[in-house]
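A.B. asks: Based on the sequences and whatever the hints tell you, model everything.
The primary structure of each chain is shown beneath.
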Amino acid sequence: MADQATRQLRVWRGDAAGGGLADYTVPVHEGEVVLDVLHRLQATQANDLAIRWNCKAGKCGSCSAEINGRPKLLCMTRLSALPRRPVTITPLRTYPGIRDLVTDVSANYGWALHVPSFSPPEDLKPGGYRMDQADIDRSQEFRQCIECWLCQDVCHVIRDHDDNKPTYAGPRYFIRHAELDMHPLDTGDRRQALREEHGLGLCNITKCCTEVCPAGIKITDNAIIPMKERSADQRYDPLGRVLRSWRHREGRPPAG
Amino acid sequence: MTIRTAKASGIRSPGRAAIAARTLRADRWWAYPATTFTVLLAFVGYAAYAAVVNRDYYAAPYLSPFYSPCLSYHCGMVAGSAGAPHLGWFGTWWIVTPAVIILIFPLGFRLTCYYYRKAYYRSWWLSPPGCAVPEPRHRYTGETRFPLIGQNVHRYFFYAALAFNVILTWDAIAAFDFGGHIGIGAGTGVLVINAVLLWLYSLSCHACRHVVGGRINHFSKHPVRYKAWTFVSRLNPYHANFAWASLVWVALTDLYIRLVASGVIHDPRVF
Numbered sequence: 000m001a002d003q004a005t006r007q008l009r010v011w012r013g014d015a016a017g018g019g020l021a022d023y024t025v026p027v028h029e030g031e032v033v034l035d036v037l038h039r040l041q042a043t044q045a046n047d048l049a050i051r052w053n054c055k056a057g058k059c060g061s062c063s064a065e066i067n068g069r070p071k072l073l074c075m076t077r078l079s080a081l082p083r084r085p086v087t088i089t090p091l092r093t094y095p096g097i098r099d100l101v102t103d104v105s106a107n108y109g110w111a112l113h114v115p116s117f118s119p120p121e122d123l124k125p126g127g128y129r130m131d132q133a134d135i136d137r138s139q140e141f142r143q144c145i146e147c148w149l150c151q152d153v154c155h156v157i158r159d160h161d162d163n164k165p166t167y168a169g170p171r172y173f174i175r176h177a178e179l180d181m182h183p184l185d186t187g188d189r190r191q192a193l194r195e196e197h198g199l200g201l202c203n204i205t206k207c208c209t210e211v212c213p214a215g216i217k218i219t220d221n222a223i224i225p226m227k228e229r230s231a232d233q234r235y236d237p238l239g240r241v242l243r244s245w246r247h248r249e250g251r252p253p254a255g
Numbered sequence: 000m001t002i003r004t005a006k007a008s009g010i011r012s013p014g015r016a017a018i019a020a021r022t023l024r025a026d027r028w029w030a031y032p033a034t035t036f037t038v039l040l041a042f043v044g045y046a047a048y049a050a051v052v053n054r055d056y057y058a059a060p061y062l063s064p065f066y067s068p069c070l071s072y073h074c075g076m077v078a079g080s081a082g083a084p085h086l087g088w089f090g091t092w093w094i095v096t097p098a099v100i101i102l103i104f105p106l107g108f109r110l111t112c113y114y115y116r117k118a119y120y121r122s123w124w125l126s127p128p129g130c131a132v133p134e135p136r137h138r139y140t141g142e143t144r145f146p147l148i149g150q151n152v153h154r155y156f157f158y159a160a161l162a163f164n165v166i167l168t169w170d171a172i173a174a175f176d177f178g179g180h181i182g183i184g185a186g187t188g189v190l191v192i193n194a195v196l197l198w199l200y201s202l203s204c205h206a207c208r209h210v211v212g213g214r215i216n217h218f219s220k221h222p223v224r225y226k227a228w229t230f231v232s233r234l235n236p237y238h239a240n241f242a243w244a245s246l247v248w249v250a251l252t253d254l255y256i257r258l259v260a261s262g263v264i265h266d267p268r269v270f
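Protein chains in written order, with numbering that gives the first Met the number 0: chain A, 0 to 255; chain B, 0 to 270.
Note that these hints are calculated values from the structure, not bench results.
Do not take every clue at face value.
Here are the simulated lysine-lysine pairs, DSS-like style, with alpha carbons at most 25 Å apart [claimed, not checked]:
1) K217(A) to K164(A)
2) K124(A) to K220(B)
3) K124(A) to K226(B)
4) K164(A) to K226(B)
5) K58(A) to K217(A)
6) K55(A) to K217(A)
7) K117(B) to K217(A)
Some chain A residues close to chain B (C-beta under 8 Å, calculated; not the full set) [stated by the list, open to error]:
8) R158
9) R190
10) K206
11) D220
Yeah, the Cβ is synthetic: ideal placement off N, Cα and C, and Gly gets one too.
C.D. replies: Okay, here's the thing in structure tokens:
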């Protein structure tokens with residue numbers, strides 16, 4: 000029988016008080032993802048290793064971590080796709096640690112409470128929603144979000160600057176705003192809140208959120224930049240505002 | 000008692016995993032900012048030279064894009080510009096070159112471009128230098144304050160860029176006119192490619208995408224604008240490619256015309 004293949008792992012072990020990278024050698028099989036190997040490590044060598052996971056199919060967003068310094072889902076990263084050197088696995092470095100690879104991401108749920116929900120016209124009852132597919136394509140892209148928080152983790156606005164955390168909702172909530180603002184039946188105007196309370200202006204569109212999104216959502220191009228442009232419509236485009244107010248003067252139908 | 004210092008911020012903040020390394024990335028994350036920094040620096044250096052040297056920008060029928068439209072009487076009066084068309088809005092008393100007068104528009108369009116913002120924030124400001132690589136500064140206000148809040152006027156530069164594209168397209172058409180006879184030289188091809196790349200760069204722009212239809216919510220009620228938005232949306236993913244290609248080509252176009260105008264090379268004619 001041939002020698003079984005192994006990989007060197009360097010896994011963060013610790014909590015909010017401290018810790019360190021621990022080295023392990025773990026048997027691996029062809030086609031395995033990092034989560035498979037961590038489960039084997041947990042079963043054979045480190046029974047108390049804390050990992051958050053659930054679906055193992057890239058759909059629940061639970062097993063977010065940083066692999067060789069890059070935010071990724073543990074269940075969607077094949078070992079064979081990583082360089083042959085030791086694989087370093089750490090928790091999300093933007094959030095406080097709870098234990099080992101598990102972090103406290105509850106701040107995100109706090110932001111969720113601050114995004115105004117879908118607001119259809121008051122006279123439109125459930126069952127009466129009608130729209131073309133073309134009207135809803137953009138919003139549906141953003142519904143693919145699995146809330147893994149990788150975009151939030153990689154965003155330097157809060158990763159590198161704690162002081163921005165109270166005023167910056169982050170990419171996940173920018174796409175939530177975009178999803179609703181572009182919805183043909185939503186009556187809310189989210190631009191001012193997005194700009195003044197949720198920190199859209201802090202984003203400098205360096206596209207890291209798009210690079211790490213496991214759902215393939217074009218966060219920057221399809222949500223953040225369009226919302227920056229919509230915000231500019233309202234706040235930074237006086238000529239456009241005059242033109243649009245003339246076009247939509249009394250007696251003319253709205254364009255939206 | 001733990002005293003929180005300026006260094007204990009960001010990834011070193013209390014409570015986060017106390018990993019000593021600033022980044023654990025072992026790939027070549029520095030390649031993008033290093034390359035971008037180098038290419039942009041080279042372009043800025045060349046553009047500054049070309050804009051202030053004020054000579055060798057016209058070799059009939061080719062006019063350098065750096066000097067078009069030529070608004071000053073300077074055009075035609077300096078070496079390597081004989082016969083250059085000009086509008087004569089500015090006299091020879093004007094202290095800057097014809098290129099410097101118009102440079103603000105294409106420069107402003109590229110400076111406020113959503114793609115170039117990513118490029119220079121990462122490579123010049125290191126904000127951040129790479130994804131999950133810490134930036135060196137402790138303070139960050141993004142685009143919320145002067146001067147970076149001015150990035151929001153990108154659409155106005157986009158409108159100006161469209162006017163410049165029309166002018167540079169006219170220059171490309173004029174490059175077929177060899178003293179009243181239609182002809183094609185190598186410079187004709189250079190100018191045509193320049194105009195095509197500039198149109199592709201402008202039409203793939205995010206502000207263009209918003210203006211043509213992105214701001215509306217009921218696409219089904221605006222089929223023409225929806226088609227326009229769909230067309231721009233197909234170009235938009237290649238915006239960065241067009242940005243680089245048009246940037247490099249506009250410099251090469253100026254260089255080619257400069258070499259022809261100064262007599263260093265001869266412009267080969269197809270017919």
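A.B. asks: Find the hints from earlier in the document that the structure breaks and name them by number, from lowest to highest.
C.D. replies: 3, 4 and 9
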